[in-house]
Structure formats: C-alpha cells, structure tokens
Amino acid sequence: MGLDLSGKQYRKVPYEEKEALLEEVKEDLRFGDYMYGCYDCGICVAACPSARFYDFSPRKIAQSVAREDVDLFYVFLNDSVWDCSQCFSCDRCPRQNSPGGLITLMREVAVKHGLASAQEALEGYGRVVYKIMSTGTQVSPDMLQANAFPDWGPHVKDIAENLDVWRKALPPETLHTTEASWKVDEKTLIELYLIWHATGVMDMIKEVDEGLFMILQDVMEERLEDAGYDVTFD
Amino acid sequence: MIPHQAIMNKAKDRKFERNPDLAPNADYHDLVDQLEKDGEWEVQRVPEPYIEVQTKFGRKKKIPLQTTWHHKSCGQCGHIPGYSTSVFWINRQLGLDYHDPTDQTSCTAWNYYASATSNAAAQSAVAMRNFAAADESGYFPIIHCGTSFGHYKETRQQLIHSEKLRHQVRDVLKMMGKKLVMPEEVVHYSEWIHAVRDKIAERQVIDMSKIRATIHPACHYHKLVGEDAIFAPEIYGGQRTAIITATLIALGIDVKDYSTWFDCCGFGFRHILVSRDFSRSFAVQRKIEVMKEEADPDILITHDTGCVTTLDQSQFAAKAHDRNVGLPVMSDSQLAALAMGAHPYKVLQLHWHSTDMKPFLQKIGIDTDKAWAEFEEAVAKLRSGEKQYLTWEDCDE
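Those sequence lines, one after another, are chains C and Y.
Anchor point for the first sequence: position 26 equals 26 in this note's numbering, and the numbering is continuous, going up by one each time.
Anchor point for the second sequence: position 29 equals 263 in this note's numbering, and the numbering is continuous, going up by one each time.
In case anyone wonders, no lab produced these hints; they're calculated from the structure.
A couple of the hints might just be wrong.
[Stated by the list, open to error] Just the calculated beta-carbon pair ranges, DEER-fashion:
{"hint": "1", "chain 1": "Y", "residue 1": "G372", "chain 2": "C", "residue 2": "D151", "range": "42 to 52 Å"}
{"hint": "2", "chain 1": "C", "residue 1": "Q96", "chain 2": "Y", "residue 2": "P467", "range": "34 to 44 Å"}
{"hint": "3", "chain 1": "C", "residue 1": "P14", "chain 2": "Y", "residue 2": "D255", "range": "21 to 31 Å"}
{"hint": "4", "chain 1": "Y", "residue 1": "E527", "chain 2": "C", "residue 2": "R127", "range": "35 to 45 Å"}
{"hint": "5", "chain 1": "C", "residue 1": "I43", "chain 2": "Y", "residue 2": "K413", "range": "35 to 45 Å"}
{"hint": "6", "chain 1": "Y", "residue 1": "E528", "chain 2": "C", "residue 2": "I43", "range": "57 to 67 Å"}
These numbers come from a predicted model, not from an experiment.
By construction, the Cβ of each residue, glycine as well, lies at the ideal position given by its N, Cα and C atoms.
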C-alpha cells in the first residue's frame, strides 16, 4: 500500500502541534544550508536509492517544507523520513538543497519529541545506540552472531565461534578487542560521556527509549563518578 | 537527423580544464585560515612532506605522506579488520611513521545517520575532541571511514559558518581541557593510497594485468561536501572522482565501467542493521548484477566501511533466489597490500568476508590452500598459548 498523503491519519493531531515541529526544523542552524527552495525537478528522486524500493520521494518532502504545507510535512515526518538511506545522492540538487540533510533535521525533531513513529522506527536499534554511546565504537566484533546476521552467510558462525582467537590474530594491538571495535582509553570514554551530557543527547534518548536511557544512565554516571565528575543525567 | 558523429567528435576534441576561480562556493582553506587569524581556533597544519592533489573545482589539497594519526572506523575494525590492518601494513612496508591511537572515539555518524539520536553540537564536539587528541599527539588525522570523512567535512562547514555552534563546542571541549583545533585538511585514507599509488606500484610483486575490476565510489566520499573529493583530468576526463580508479590503473588493473556507477551501495545506515531486505535488494539488483552483466569483473573494489559490508555481505542470501551474484568485494587498501605481497589471511583477513575470494586469488597466482594452512598454523600457536598475539613480524614470515 502506498503512502497516504491525505493527512487523514493525523487529523486528530492539532495543527499547532504540527506547525511547531515544522518551525523547529526551520530554526535549526543547518536549515538555511539544506533548503533554499525547490524547482520540483525530481533530480533528487532519480538519484535516490530509497525511491526505487519504497514509496518515498525526497522531492515531495522538500516541496512540503518549501511550501510550508504543515499537514503534508507531518505525514512525511512520521511515515517517510525513516526510509531515507542518508547517502546524500540527492545533494546533486541543482538548487543546492540537501534533501537528505533536511531529512536528518526532521528525524532529529521526531526523536526529540519522542514521536511514536520514531520509536517504532528505532525498535530493535537500541542495542546499537547503547554500544556507540557507552563504548565509543559502534559495531563490535561480538555483534557478529549467526542469529543476528543469518543472511550474511556461514562465515558469521565461524567468526562467532573463533572470535577470541581470531581477534588475537590481528597484528594491530588496538584491535584485540571483542566488545568494542578497538581499544578506547577510559579517559577518552569519560570525555565522550561529558559530550553527551553537555549537548542534551541523553535527553533525546530519554524521549525515544526510556529503558535504554536508564541503562545508559547507570553505566555513565558510575564511570563519571569514579573519574571524579559530579554529573547526573536526570 | 541527429548528427551523432559530429557531436562525438566535438566531445572528443573538447579539453576540460578546471578553474578554481569559477567554483560555486568559497574555498574552505581561506575560511579555516581566517578563523585562525581571528583567534577562533588553531589550525593543525599538514606535516611535510605532503603530496598535492586536485579536487573537484581544481583546488589543491595536501595529503600527508606520514606522521599520520589513524582515525579508525567502527565497521572496519569490528567486522572487516583486514581493511584497517592493510592500511597499517602498507605504511609499515613503505617505512612511514604513523600512530594508531586509543584516545579516539567513533565519529558516531553511522549512528547519527541511522537513528538521529544526536544533534549538531554533539556531533561537532565529538569531531573536535578527536581532532584535539590528534593535535596533542603530534600526528595529523587521516580518516579511515568514508562516513567519518564526509561527516567531518559537514561538521567543518557548520563550525565555519556558525559562531554560536563554534562557541558551544569550544566550551564543551574546555571542560575537558582541550583546545579547538581544526586540521588544515580532512583527509580520507583512500586519498593517501591514491597519493602514494606510485610508491605502492614500485613495490608490486603480484601481477594484476589480467584482472578486470569494477569500482564503487562511496557516497559519503564524493557526494557529501563533494567539492573536497579528488578529481584528475586523466581519469574519466575529470568528470567523476578519480578515487580508487587511479590506484587500480597504477597497479595495472583493467577498470571496467558500468551504468549504475553513481548509485549508492544500499547500506542505508539504519537499514543495514534493522531493515536489511532493502540493503540486500539494492546492492544485488542495482550494483552487483549490473556490474556482472555489463562488465563481468573478477573483483569489486570500494573504499568505505559500509560499501564493503553491504556489497560483500548481501550476496549470500541472493544466491537462494538464483540471482547473478558471486563477485568478491574488498577495499582498495586490501587490494594494494595484496599487490605488494601481503598475506591474504594474516594481513587482509579475508575470512571475515562473505564472498568467495578463491577464484580471484588463484587467478593472480596465490595458492589459497597453502595460505589458509599458514594462517591456521599461526592460530594454532595462539590457541595453545605458544604465542599471545599474531605480530607484524609473523605476517612477513
């Protein structure tokens, strides 16, 4: 079934609420660089990988924002932005727009406000957020488990079974890790936690996944306290 | 009637020359330097000796030869460890000084493009913390991941143009006793490979002249802040980035074109982890099958974490649907190291890949059974406790 652009599915959401979210996107410091206006030419769609497999159009999203069509913007904010591949093939826009960048801003606003659609899109993704925010690296060797990547082939099982010894069989000393992609200093991790704290990222996590927030809060507060920082994420 | 021949001749005779003065935007070098003069930040200069290359609008970009701080990639180190190992191995073979830091975090951009659970201030602060760590070490950052490379260029643009963001990030770094330091250039490792390709070719011990290859340029390399990607008049007439292609040509490889060259790999950031049906479909139908049908390559070479991952790992499931797959995939660093005689399993670590490398390896004269037996022998010593780790010296035995 294609995307319902009528907006009927969100008729109960007050117009002012939708409008405020659009305003928040427009207020981002990057907005002026990402959205100059739209020729409606469709070059972005021709280059877009997601447009080939989903009912997805960077042109329509750019148009909705350029025309400030609040109801249509809200449909895309919920039902479309998570299909974007974030490859930025659409940056070849002749008007110098970045529809992909615009979508990043829209996603950020969706997360910040804990929209149900954002929560749904990120279901199953929490372990990745946990890994990056707590270890400072995103995809660790121990994530390679046959049940997580059955479609990648039998070598995944081989890797999982031989993980410890195959990591020791890597000449760079920094790569002997299994729970993180490389060895990260404790001091470096503490600095990363301070960044999450100072820039409000933990508040975003709280909105979109409270359970994950609580786990991260425990890990980070304890380590920060051990390092002599009196920092809480409440 | 359309005068095809006249048009073709005209195109052939046309000489395309880049003129930096006609570039559509300001040169970031000037802007970065101006902010240094204004006392907004310090600039870490590219160490000498460096190699100059040309970017999209004909501007010059400095690529450091050595004294490099290797900003590693999550996906490479985690899931394709022979990728970064090969970069280090080449440095060692060329006798170049480099630093593999532990005072480095991920750029966190894979997560950001997948989940948006971050913001401009956090992303810039992560970038500038890593840059400050590089500066403190006395080594110049070289970025292994294409997404880190692209994202850091985005971050640089944002920091240049927003005083508010700059000051916010400066204050965050101050909390941890770090300065705001912008590197003179943001350099991707494949640019370094490109810059030293003749040195690599001088040390080539494996003949690759019978090899046909297709290449996939990473989107976040040449589309995200695309002005900062390497272009060369002699490669595709200067109409596409020269990255990877020039390296392969230097190694004597026949680089074949295909019609979906510009398409992405299907990685999708979020999709590759939680919605892989899209990634698999795109990688197979828009890239692998097109390459096989139009170019029939022996190997596909790319230069980014996500691209190697998606193009390599997506082919297994497609076999069940009788799709036209079975194309080995590796990075330019792995191929360059292989050409210089690196061990396919101790250095390239090809057993972490999904696609079958044996036909390609055997075509260039490598005894794959012998090479695997050598790796197994080394692993047996690790299992028995005779050795703790495989060393660089073990790789060259």
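Consistency of beta-carbon spacing, D255 of chain Y to P14 of chain C, with hint 21 to 31 Å: Violated, at about 52 Å.
Is the gap between the beta carbons of Q96 of chain C and P467 of chain Y within 34 to 44 Å? Once the Cβ atoms are compared, 25 Å apart, the range 34 to 44 Å for P467 of chain Y and Q96 of chain C is violated.
Range hint 35 to 45 Å (beta carbons of E527 of chain Y and R127 of chain C) holds or violated: At roughly 38 Å between Cβ atoms, R127 of chain C and E527 of chain Y fall inside 35 to 45 Å, so the hint holds.
Whether the CB-CB distance between E528 of chain Y and I43 of chain C falls inside 57 to 67 Å: violated, 23 Å
Could one say that the CB atoms of G372 of chain Y and D151 of chain C fall in the range 42 to 52 Å? holds, 45 Å
35 to 45 Å as the expected CB spacing between K413 of chain Y and I43 of chain C, which holds or is violated: holds, 42 Å
Consistency note: the structure conflicts with the earlier hints numbered 2, 3, 6.
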